[in-house]
Every structure is written in C-alpha cells, then in structure tokens.
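Asker: One-letter residues, chain by chain:
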Amino acid sequence: MASITFREVEGSSLKYWLLFGFLGLFVLFGALAWNTMHHHGHVITGMDNQIVWGLPHVFAVFLIVAASGALNVASIASVFNKPMYKPLAPLSAILALALMLGGLLVLVLDLGRSDRLIVAMTHFNFKSMFTWNVFLYSGFFGLVGVYLWTMLDRSVKTYSKAAGTAAFIWRLVLTTGTGSLFGFLVARELYGTAMLAPMFIIMSFAYGLAIYLMVLAAAYAWTGRPLGDAVMMRLKSLLAVFVAAVLYFVVVQHMTSLYFTKFHAVEAFILRDGGIFTTLFWVGQIVIGCVVPLVILLSSLGKQRTWIMIACALIILGGIVQMYVTIIGAQAYPLDMFPGLIEKSSFFDGEVHSYTPSLPELFLGLGGVAIALLVTVFAIKVLRLLPASLDDATVAKLEH
Amino acid sequence: MSELKPMSNPAPASPERRRFVGAATAAAGLAIAPGVLLIEVAHGRPEDQAASNAVRWGLLVDATKCATGCNDCVTACSTENGWTPVAESAHARQAPQWIRKLELQDPLTQMETNLPMMCQHCAEPPCVDVCPTGASFKRADGIVLVNRHTCIGCRYCMMACPYKARSLVHEPLNDTQKPDVPRGIGCVESCTLCVQKVDRGDGNTACAEACTAAGHNALLFGDMNDPESEISKRLRELPTKQVRADLNLNLGVRYHGI
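Quick note, the sequences are listed as chains A and B, same order. Take the first sequence: its letter number 58 is residue 58 in the numbering used here, and every next letter is one higher. Take the second sequence: its letter number 93 is residue 93 in the numbering used here, and every next letter is one higher.
Heads up, a few of these hints could be off.
Claimed, not checked - Lysine-lysine pairs mimicking DSS-like chemistry, simulated, CA-CA at most 30 Å apart:
hint	chain 1	residue 1	chain 2	residue 2
1	B	Lys-138	A	Lys-127
2	B	Lys-138	B	Lys-233
3	A	Lys-127	B	Lys-241
4	A	Lys-344	B	Lys-65
5	B	Lys-178	B	Lys-197
6	A	Lys-344	B	Lys-241
7	A	Lys-381	A	Lys-15
8	A	Lys-86	A	Lys-15
9	A	Lys-262	B	Lys-241
10	B	Lys-233	B	Lys-65
As the list claims (entries may be wrong) - Derived list of chain A stretches under chain B, where covered just means 3 residues or more per stretch with a C-beta under 8 Å from a C-beta of chain B:
hint	stretch
11	31-42
12	48-54
13	183-193
14	240-248
15	334-343
Hints in this document: simulated from the structure, not taken from any laboratory. Just so it is clear, CB atoms sit at the ideal spot from N, CA and C, and this is done for glycine as well.
Given the sequences, and given the hints that come with them, work out the whole structure.
Answerer: This is the structure we're talking about:
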C-alpha cells in the first residue's frame with residue numbers, strides 16, 4: 001500500500017487569519033450571549049415554562065449528533081478496513097472532537113445555573129439519561145483522543161484499529177444516549193419511543209458526513225491542495241445512502257404513530273395543522289433536508305462539486321430544522337392530561353405554545369458552531385491531519 | 001417550754017427577693033411553655049428526625065365542590081410560598097405557577113369541571129428519574145421536592161413531568177421570599193405540599209386551608225397511610241381517579257368528580 005504524506009496547513013495567509021478572526025468573532029458573540037443570559041436569567045430568552053428547551057438545545061443536540069457522525073469516515077477506515085478512507089481519518093476524528101466540544105458548550109451554557117456545572121460532575125443519578133450522557137461525552141473525548149493519537153504517532157500506530165473500534169462502538173452508544181434523552185420521556189406523545197435512538201444514529205451519519213465533506217472540500221480548495229473526484233464521489237454516494245435511510249426512519253415513525261388513534265391529534269399537529277412546525281417539517285426537514293439533496297446526489301448534478309456542496313449545506317440546514325421540529329415542536333403541542341376534554345388555564349394548558357427565539361439564544365447556538373470550526377481550523381494548522389494530496393492517482397494507489 | 005416568738009410578728013421578707021423569685025418563675029415559665037405547647041401540637045417531626053415512610057402525605061380534590069372562578073387555593077399558595085401571582089408578574093409566560101386552576105369542558109356534553117392542578121407527588125416520579133444530579137427527589141413521606149442547592153436548571157424534569165407541574169425561575173427574585181421556602185433564579189420549583197407547614201406540624205396545606213375557609217371544602221390534606229385519617233376515610237367512600245392513570249405513577253393527589 002502506498003504511503004500518504006500528511007502535512008499541516010501553513011495558516012499564515014491573510015485569508016486564514018480572516019477566517020480565524022471571523023470564527024473568533026462568533027465565539028465572542030456566543031460568550032457575550034451566555035453572559036447576558038446568565039446575568040438576566042432565562043427571562044430574556046424566548047423560552048418559558050411551556051417551551052423549556054429552546055434554540056440552544058437545537059444547536060447543541062445537532063452538534064452532538066453530528067459529532068458522532070463525523071467520526072464515521074475514520075471508523076470506515078479502521079473498523080471496516082477500507083484503505084481509501086485511511087487518509088481521511090485524522091480530519092474525521094478532530095472534527096468529531098470539535099463538534100462535540102461546540103455542542104457540549106452550548107448545552108452547559110444554557111443551564112439555568114451554568115455556574116453549577118461542577119455539581120453535574122460530582123452528583124450523579126444513574127437512572128437519568130443525562131447522567132449517562134455525562135459519562136458518554138467524557139468517554140468520547142477520551143477514546144477519540146486516544147484514537148487520534150494512534151493515527152498521528154507512528155510509535156503507537158499498531159493500536160489504531162483497537163482504538164478505532166472502541167471509539168466506533170462508543171459513538172454508537174453515545175448517539176443511542178442522545179436519542180434516548182428524548183426516547184426515555186414518558187410525558188410527551190412525540191417522545192417515549194425506542195425509534196429515537198436508532199433514528200438519531202442514522203441522522204448522525206448523514207449530518208456528520210455532510211459537515212465532513214464541506215470541511216474537507218473547503219480545506220483543500222482554500223489551501224490549493226488537490227482533492228480528486230474519487231474521494232468526493234465515494235463520499236457523496238455514501239451520503240445519499242445515509243439521507244435515504246433518514247427519510248426511511250422518519251416515514252416509519254410517523255406511519256406508526258398515524259396508525260394509533262391516540263396519536264392522531266399530535267400527528268395532525270406536526271403534519272397538517274401545526275403552522276410553522278408543519279412548514280418546517282415538510283419544507284425544511286423533508287424537502288430541503290432529504291428530498292432535494294437526494295435528487296442532487298443521485299442525479300447527474302451530483303457529479304459536480306458545487307452541487308455536492310449545495311446538497312451538503314441543505315442536509316445540514318435540514319438537520320437543524322429537524323432538531324427544531326423534534327425538540328420544540330414536541331413541546332409546542334400541549335400535554336394531554338385529560339384526553340377528550342378541552343383544557344384551559346392561566347398556565348396555557350390545552351393550547352399550542354408559541355416560541356420566538358431571542359438573539360442571545362441564536363448567538364449562543366452559533367457560538368457553538370463557531371467554536372467547533374475554530375478548533376478544526378486551528379488543529380489543521382498545528383497537527384498533521386490533512387494529506388498533502390488526495391488526487392485520484394494518490395488515492396488509487398491506496399487500494400492496490 | 002421555751003418562749004415562742006409571737007407569730008404575729010414574723011421577720012418581714014425582703015420585697016426585692018419576692019419580686020426576684022416571681023420574675024424568675026415567670027421567665028422560666030415563658031421559656032418552657034412554648035416547648036411544652038409544641039410537644040402538645042407537634043405531629044410534625046423534630047429537625048433531627050428523618051421523614052418517615054410510615055406516612056404518605058396526599059391531597060384529595062373534590063372537583064364537584066371546586067367553584068368556578070374561585071382562585072383562593074392559588075392565592076393562598078402564592079402567599080404561603082412567596083411566589084408572585086401570575087397576574088402581577090411582568091412576564092406572565094415565564095412566571096412560576098406552583099398551582100393553577102384548570103377548567104375542563106367536554107366538547108360533546110358541554111359538561112364543565114374545575115380543579116386545581118399541581119405537582120401530583122407521584123410515588124414513581126418521572127422528574128426524579130431524569131434529574132441528572134439527584135436534586136429532584138422524593139421524601140420518605142411521599143413529598144416530591146427539588147433541592148435548591150444541587151438543581152442546575154437543566155429543565156429535564158420539566159420535559160419529563162406529565163402534569164406540567166414545574167416552573168423554572170426565569171429572573172432574579174424580588175424580596176417576597178419566605179425564610180422557610182428557599183427559591184432562586186435558574187432553579188426549578190413546584191408544589192411542595194407546603195412541606196414547611198407539614199414539618200412544623202400544621203397538618204394542612206395553604207391551599208386546603210384556603211378552600212375550607214372559603215366554605216368549598218374541595219381540598220383535603222392528610223396521611224393516606226393512616227386508615228383513620230380523614231383523607232383515608234373519604235378516599236374509601238368516594239370514587240376517585242388519578243390523572244393519567246395509564247402512566248401508573250401512583251399519585252399522591254387523587255381527584256373525585258373527573
């Protein structure tokens with residue numbers, strides 16, 4: 001097998017520092033947003049006692065799900081022994097770590113008492129899915145960190161497969177945990193199903209790979225390194241399979257609910273009468289997030305790099321919208337304490353809850369995205385994560 | 001026979017001494033009396049004694065007696081526990097509501113029902129299951145509470161509660177706080193079954209007291225484990241339901257007339 005030269009990006013150009021500064025600015029905005037929310041309390045956000053998890057959770061859960069998905073390229077290389085993916089693995093691992101960091105920061109900075117994070121690290125309730133996730137996230141950093149080390153340090157290279165396999169299994173458990181945050185909730189009609197865990201896993205495959213492809217293409221385009229079609233075409237076909245699988249899971253989940261009379265009202269809310277949520281579901285999650293990318297990736301358009309990038313961007317956008325519908329849509333629908341009866345109270349019982357995200361929430365979420373990208377941009381400058389060339393000839397040699 | 005001193009002429013006792021003894025007795029009496037009285041009234045437990053699972057505190061809500069438009073239980077709760085009434089709050093959507101009046105109507109029969117809704121003090125509380133730090137907990141006597149000091153404000157319990165019984169304190173609190181009802185920004189809170197009153201030995205909650213005072217008698221508080229308690233006797237006689245009984249959470253609040 002031919003060897004691949006990994007090289008840091010130089011990162012001394014004005015363009016690099018402009019990108020660095022641009023991302024840094026959004027990290028700063030995110031920090032300011034957190035400070036404002038922490039100072040005034042959640043009263044300045046769009047969240048209330050009906051919509052208790054808002055836009056920050058949408059970003060946080062999206063980033064955490066995407067993080068485990070971003071690791072997939074590395075897993076294919078080490079766990080499934082596909083040589084073509086080996087040069088792609090280090091970026092995959094660092095992106096996974098960076099996205100996880102961004103997501104977790106948003107999650108913990110949105111706590112009502114984010115100053116009490118240490119309490120979450122020292123007091124555990126092992127019946128809580130949140131507690132399990134604390135360990136799953138920490139373990140993810142540890143395992144992917146070790147895995148990255150085995151990829152970068154020749155002296156420990158022999159452990160790469162073992163570390164990669166451990167990280168792969170861990171990430172599957174982790175996304176199961178993330179899906180189960182919602183799956184283990186008995187109170188709300190749209191949650192409380194084992195479907196959510198595998199659905200989140202398949203979603204992570206799609207979102208993580210879409211982000212990976214965009215970062216990879218941008219890194220190679222902006223550094224002037226050759227990136228051949230062999231890599232792009234292979235990854236975009238894989239992406240199409242993942243997106244189709246996401247669509248399959250979404251269809252099965254809603255079809256199942258539609259069959260049960262007790263879920264008719266909530267299904268009608270999401271699919272037909274839910275106003276903004278219905279629009280977001282059909283236009284955002286289904287059309288923009290699944291159908292259009294599938295058409296692009298599977299048609300001749302998918303042979304052009306620009307269109308692949310458009311498809312990736314749509315999948316990411318659709319993914320954020322999907323989280324919005326999953327997290328906020330489920331809360332907007334009123335709890336059905338007295339089935340069949342009309343409920344009314346000062347606490348907005350029986351009515352659809354409205355939610356308007358505030359600027360601090362948006363910037364806290366974007367801050368998480370920015371910090372994930374900033375870490376990646378910095379990491380490829382200081383670590384040898386990217387192959388000097390991924391042109392077709394170099395890649396072809398790997399497979400022989 | 002020795003000469004006796006005439007009885008009619010005893011040595012006069014010092015008036016100062018007499019006053020001192022009197023005052024000391026009064027002071028001792030004052031010091032001891034509240035203790036004696038407390039022992040008399042205290043079904044409540046001393047601070048160093050843990051809550052007992054021999055007791056299960058609960059509420060019986062008779063929805064047939066709950067009056068339309070009456071909000072006395074809500075007002076009493078707000079006053080007792082120091083949360084701002086929603087009407088006075090600058091941010092009504094985000095204002096905590098420990099208890100609320102729920103108006104129900106059957107769209108088919110037009111039958112209307114009123115009832116107060118609050119933490120149902122489940123024996124198997126979903127909020128306690130999901131709380132990552134264990135801040136959400138159930139006391140041995142069945143009261144579900146939030147530990148103000150370990151709640152990190154993650155709101156997972158609010159996602160888990162089937163009764164929407166919990167509120168997050170969204171803004172810095174004004175000075176209406178009660179010394180025995182700790183609250184704080186960024187923490188989640190809900191009905192405590194007036195745990196401070198229970199522990200004091202009042203034997204009743206503010207909402208139930210207010211309902212009785214208004215003459216409705218729709219709320220009855222008591223020990224559901226004691227077969228001789230008023231609530232147990234009534235629960236034996238009246239058909240009652242648990243809200244969302246399908247979840248099998250074994251609620252501490254039972255409703256008649258729903």
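Asker: Going through the earlier hints one by one, which of them does the structure break, listed in rising order?
Answerer: Number 14 only.
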